[in-house]
Amino acid sequence: EPEVTQTPSHQVTQMGQEVILRCVPISNHLYFYWYRQILGQKVEFLVSFYNNEISEKSEIFDDQFSVERPDGSNFTLKIRSTKLEDSAMYFCASSDWTSGYEQYFGPGTRLTVT
Amino acid sequence: AQTVTQSQPEMSVQEAETVTLSCTYDTSESNYYLFWYKQPPSRQMILVIRQEAYKQQNATENRFSVNFQKAAKSFSLKISDSQLGDTAMYFCAFMKHTYAGGTSYGKLTFGQGTILTVHP
Chain A
1 EPEVTQTPSH QVTQMGQEVI LRCVPISNHL YFYWYRQILG QKVEFLVSFY
51 NNEISEKSEI FDDQFSVERP DGSNFTLKIR STKLEDSAMY FCASSDWTSG
101 YEQYFGPGTR LTVT
Chain B
115 AQTVTQSQPE MSVQEAETVT LSCTYDTSES NYYLFWYKQP PSRQMILVIR
165 QEAYKQQNAT ENRFSVNFQK AAKSFSLKIS DSQLGDTAMY FCAFMKHTYA
215 GGTSYGKLTF GQGTILTVHP
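In order, the protein sequence lines correspond to chains A and B. Under my numbering, the first residue of the first sequence carries the number 1, and numbering increases by one thereafter. Under my numbering, the first residue of the second sequence carries the number 115, and numbering increases by one thereafter.
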């Protein structure tokens, strides 16, 4: 069964460094999302991406964040200058054109900012 | 803005018994979707069940069923014949109906989650 993959599974970085989290959505999917979950808290929406542009973003998704679909298969989340409070689990999700409401989640990338 | 509330931080149940997890939401939208996601210790998010707001019939998926009360804005999950593998965090989620590209899509708004433990 096709699945969303994410790399790396765990990323440790120092405060102020840039990180890129990578996702490979399911191949025929058209809608892409990033969510994050701070340990012990609920899952929060960051951004949605459709037709090569951001369709919606949350207040969390400030100028430090950006997304890109560079090559038609990868979907990346970049954090330009990480802060301690960016430490969280980051989930990528995708959905297809027939049932866009059904989002398939990747296994997540655990980001630790020290 | 939509809000989703899960008032039960933790629940426990004996194997083979039935348990109900509660969820309420607040929205001014009339057309939306509701979901239950399961997050086991691996932290992978797994879709359990989906309900379209325009459908009066409650959704069922094998041992999982929902009680959707649109007027009360309530969406509870019933797990029958609980199994040890059901032990996980369960999240209720809301999605506004946004139509583009031939289907509905949009951000999920999650509740705080309920930790369910199934005891042998």
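Hints may contain errors.
As the list claims (entries may be wrong) - Capping the alpha-carbon separation at 25 angstroms, the derived lysine to any residue pairs in SDA-like fashion look like this:
#: 1; chain 1: A; residue 1: Lys42; chain 2: B; residue 2: Ala130
#: 2; chain 1: A; residue 1: Lys57; chain 2: A; residue 2: Glu1
#: 3; chain 1: A; residue 1: Lys57; chain 2: B; residue 2: Ala115
#: 4; chain 1: A; residue 1: Lys42; chain 2: B; residue 2: Pro155
#: 5; chain 1: A; residue 1: Lys78; chain 2: A; residue 2: Glu1
#: 6; chain 1: B; residue 1: Lys210; chain 2: B; residue 2: Thr174
#: 7; chain 1: A; residue 1: Lys78; chain 2: B; residue 2: Lys192
#: 8; chain 1: A; residue 1: Lys42; chain 2: B; residue 2: Gln170
#: 9; chain 1: A; residue 1: Lys42; chain 2: A; residue 2: Asp71
#: 10; chain 1: B; residue 1: Lys210; chain 2: A; residue 2: Tyr101
#: 11; chain 1: A; residue 1: Lys42; chain 2: B; residue 2: Gln171
#: 12; chain 1: B; residue 1: Lys187; chain 2: B; residue 2: Gln128
These are computed hints drawn from the structure, not numbers from a lab.
Hints versus structure:
1. A:Lys42 with B:Ala130: Violated. A:Lys42 to B:Ala130 sits at ~28 angstroms, over the 25 angstroms cutoff.
2. A:Lys57 with A:Glu1: violated, 30 angstroms
3. A:Lys57 with B:Ala115: Between A:Lys57 and B:Ala115 the Cα gap is close to 13 angstroms, so the pair holds against 25 angstroms.
4. A:Lys42 with B:Pro155: Holds: A:Lys42 and B:Pro155 sit about 15 angstroms apart, inside 25 angstroms.
5. A:Lys78 with A:Glu1: violated, 28 angstroms
6. B:Lys210 with B:Thr174: This hinted pair holds, its Cα atoms lying about 21 angstroms apart.
7. A:Lys78 with B:Lys192: violated, 39 angstroms
8. A:Lys42 with B:Gln170: Given that 25 angstroms is the threshold and the Cα spacing comes to 28 angstroms, the pair is violated.
9. A:Lys42 with A:Asp71: This hinted pair is violated, its Cα atoms lying about 31 angstroms apart.
10. B:Lys210 with A:Tyr101: Given pair B:Lys210, A:Tyr101 holds - Cα atoms ~9 angstroms apart, limit 25 angstroms.
11. A:Lys42 with B:Gln171: violated, 28 angstroms
12. B:Lys187 with B:Gln128: Violated: B:Lys187 and B:Gln128 sit about 29 angstroms apart, past 25 angstroms.
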